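Student: This is what each chain is made of:
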Amino acid sequence: MASVNLLIGVSLTYVTFLFAIAFFAERATARGQVTWLRSPLVYTLSLSIYCTAWTFYGAVGYAARSGMEFVTIYLGPSLVMIGWWWALRKLVRVGRAQRATSVADLISSRFGKSNLLAIVVTIMAVIGVTPYIALQLQSVTLSLAIFAEPEAGALNQTGAAFWVAFGLALFTVLFGTRNLNVNERHNGVVIAIAVEAVVKLIALLAVGVFVVWGVAGGVAPMMERIDASPIGTWEMDRSRWLALTALSAAAFLALPRMFQVMVVENEDERHLQIASWAFPLYLMLMSLFVVPIAVIGLDLMPAGSNPDLFVLTIPLAQGQVGLATLSFLGGFSSATSMVIVATLALSTMVSNHIVMPVWLSSRVEGAQVSGDVRNVVILSRRASILLIIGLGYVYYRFSGGGAALAAIGLISFVGVAQFLPAMLGGIIWRGATRWGALAGLLMGFTIWVFCSLLPSFGPGVVLSSSVFEQGLFGLGWVRPHALFGIEGIDPTVHAVAWSITLNIAAFIIVSLVTFPSPLERLQGAQFVNVFDHSGRAQGWDAARATSEDLMVMTQRILGAEEAQTLFRLEASRQGLDGGLPEPTQGFVQHLERELAASVGAATAHAMISQLVGGASVSVQDLMAVADESAQILEYSNQLEAKSHELSRTAHQLREANQKLTALSVQKDAFLSQISHELRTPMTSIRSFSEILRDTEGMGQVEKTRYASIIHGEAMRLTRLLDDLLDLSVLENGQVSLRHETGGLGDLLEKSIRTAQAGSTEPLTIRRRHVDEAVMLSTDHDRLGQVFINLITNARKYCDAETPELVISVSRDGPNLSVSFADNGTPIPDDDRRVIFEKFARVGNQDGSGAGLGLAICREIMTRLGGDVTHVREAHGNTFVVHLPSQSALAAQ
Amino acid sequence: MSTQGATPVFLERRSYRRRRMMDALRLLPILGVFLWMLPLFWPTPADGPTAPEAVPLSTAATYVFVVWLALIASAFSLWSLLRARPEMDEDASQELR
Amino acid sequence: MGKHVLLVEDEVNIIEAISFLLSREGWQVDTHSDGATAMETIRAARPDLVVLDHMLPGKSGLDILTELRADPEFQSIPVLMLTARGQARDREQAEKAGVSRFMTKPFSNIEVVTAVRDLVQLAQ
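Residue numbers (my numbering), protein chains in the order written: chain W, 1 to 892; chain A, 893 to 989; chain F, 990 to 1113.
Label-pair ranges, simulated between beta-carbon atoms:
#1 A:Leu932 to W:Glu562: 50 to 58 Å
#2 W:Asn732 to F:Gly1087: 42 to 50 Å
#3 F:Ala1059 to W:Glu761: 43 to 51 Å
#4 F:Ala1059 to W:Thr869: 37 to 45 Å
#5 A:Met929 to W:Ala303: 32 to 40 Å
#6 F:Thr1103 to W:Met698: 17 to 25 Å
#7 W:Glu562 to F:Gln1076: 53 to 61 Å
#8 A:Leu927 to W:Pro40: 24 to 32 Å
#9 F:Thr1055 to W:Ala656: 34 to 42 Å
These aren't lab readings, by the way, just hints derived from the structure by calculation. Since the structure is predicted, the reported quantities are computational estimates derived from the model, not experimental observations. Backbone N, C-alpha and C fix where the C-beta goes; we use that ideal spot for every residue, glycine too.
Modelling step: build the complete structure from the supplied sequences, incorporating the hints.
Tutor: Quick look at the structure:
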């Protein structure tokens, strides 16, 4: 027989081992080696704190009493995990995005950061969970007592409970408040509970394997024994099967300790996906041998022995001390890991929502020194841990450890399940309000206390038996197990059904009739639409919190986009990449100015000073003002935008119309011009050909003269058509340029010869051949066309007595230009502006040209990448041909 | 097709498969609820003497655990199939239609 | 009985053709080719009929016509207007301004001669 002392020795060794693991995990974290500490496996194992001593010992007892019903407690969480996509995914995302530290924090944060709500949730959680902690202490002392039985009186049970509580408090204080982590993560604790998860699984599996193969002799005989046992048939209260599955699912989501490991300690959302199948597997393995152990226990153990301890007593009865010790360690692990995490979660709530606000408000000057607050927070956290575990111990002492373990577990579940409507309602329904949440919580909690918690102490302890029979104050419809006079429902199902139903009803109805504060509406939108706009959550410290508030405020007034731009610019100006800028004085003043532009200076100042410094107006009041201003602004902005859009469209239409009209006028003018240019020569041709045809006896000289007029006009028509086609080709960019290399001198020579050909009175042309020794790479035919045109123009229109044309080449860096200067009458200024236009003809000139020559010249030069301009001289006109710089290659 | 900005009407085969797998993943808990609530229809001795003979506990337990194992296996295979598709890595929890 | 015709036109070949045609019919033809100075010539020459080109350098035929009609002395002088632009709008404007006859180039010789004869007869 194992002595109690040996067992205590083993326990202490095990605890030391856990301390060491936690310590090294913290050390590794400090060194930045967190990858393996935060693996999906560790995450899944940490979820196993769902399986407490209630599971380890209580499940077997439960099965021994009610058969398969125990399994509902694991079916609910399995369904929740397998259906992670529906609720958990959003819960984890919201929790992480909002940096929620606890269930209370999450609910309060959702409902406009209401501290009242946080306090209510915290108190409910403490009341709901403390019995559960007491239950763990009880299970450890009970299991110790089993070993001590032969040496009766050797174990002081209450003393043992005290030392267990003390040890757990020490561990939690050491690793739960070792450093005040901004995100409330505790690597040491998590790794320790992961190890404990493995220990309890192995212990339970070991006992199960021993029972099936060691005692029963295999699977088939085991099955036979199961069917032959007192619980061997399917005896199920159907309402309990349904209600308990739903209850366990609800509790899995709402238990503060589950929130701690599932959301707060979650490192990576993808771990949740792995846990979605891994955790149900763990639960299945934990429940696999429960029925066999219960059946064998009922079979072997003497009548009246506590079925809750079969896991221990069967190996002991079979002389398997080692196995029993392992089993003891498994139960010990289950109890301690639950107590540690539950205490951690509760102490966070108590400290953040009760102790800290009280402390802060008791100090007049407020929390100005951050180091100051830090110490206070750690101190309050430690005090809270001691308080919670102390409460658990006190509860254990006074409850006397009487009730069956499973009953306490279920009562606790119903209590925490009351959080669920507010939690889930808050993340899926934007219309949920603070008062709705409060009403639902209080309603559910009251019914739970009256129907579940108080009756659990038995008739005559807290509630007198008359209350059970005649109802509260003699009112028949308020009986703890028969609310509204509906009798015959199983008490647990009764409590679950009424508390949750009325909780939800109160939540919804009150939410519908109350109006949320602006902050609530903002938070509601952020919770419900978390997938639309949550990136990874940002950090959290005092300065940032102020920045966040400023950001929230600015967003409401300036609109999300503008506010974000403003803050981003400021952040990058401060050299902070991403995240929020520090609320420096300059930035705050700048912000105030920005806001003043929208809501007026006084309001902006009041708002800013409320957030940054103390002010007498409440934030809520200001938020309401901001909300209304934002609505009005938005409305007027919309109107303005609409009218802007209309006038823009009208303007565009007008412009398009003007363009069309201008185009049409241009086209008309062009057609008139063409018509004129074509009809004029045709008039002469027709007239003279009719004269030639109709006049008899015309002299040969006259005939020849008229025929040559006809010929000349026909030539003019041909030229005109050629020019028109040429221009059209050039204008449409269809012309293909043939680049070739040749000397400028040669080109000028050829052009002059062509232009002067057949002329009766040739123009005198002066050149400087030295300058012309330049090689050109360009379309020589087209450039020649320009030269010919300019020379011909000079020849035709130069009205000097001795017409003269000076052709000179000049270079200015890479730019080469050829100028053609004549000594005729300068073109008047009015005409200069239009000479390059189509059909432009200057002065009283003869009509042999259509006025397209210079237009063609300019078009050609544009195509060649150069230009042609007219320079007015005192005596004469100069046309300058600018050649593109790359066309001039080098001097010859 | 999918390179254009707007959501295409027809998805590529791969993402179509993936979305249907997400559908399966979402339906899995509903299947679980259905299978695990089936025992509600089993006869129990409390139904009275005319009721059919009650189900033996070994059969009941086997049923519950087989369903359990099947759900775990389905969840596992869906998870590993979805993980094998690269798009899942970006953000698996994104809204997938 | 040679009547006096003034031809205001800037195209040399057309001047020659019309001069030839009208001279052959026994008219006395004077020519003028600048729009800007056309009014003085008309006032000085006091012709029985004016053949007016629509598009003239200096001043357009339409402007000259308007000016003529504004002058009581030339209110009823027959004016034959020639145009090469061939736009309906030009004809409308000219008719509004009080043109006696409007012709589009190219014309047939007989048409011009007939028109001039008719207009002079009508005016008498």
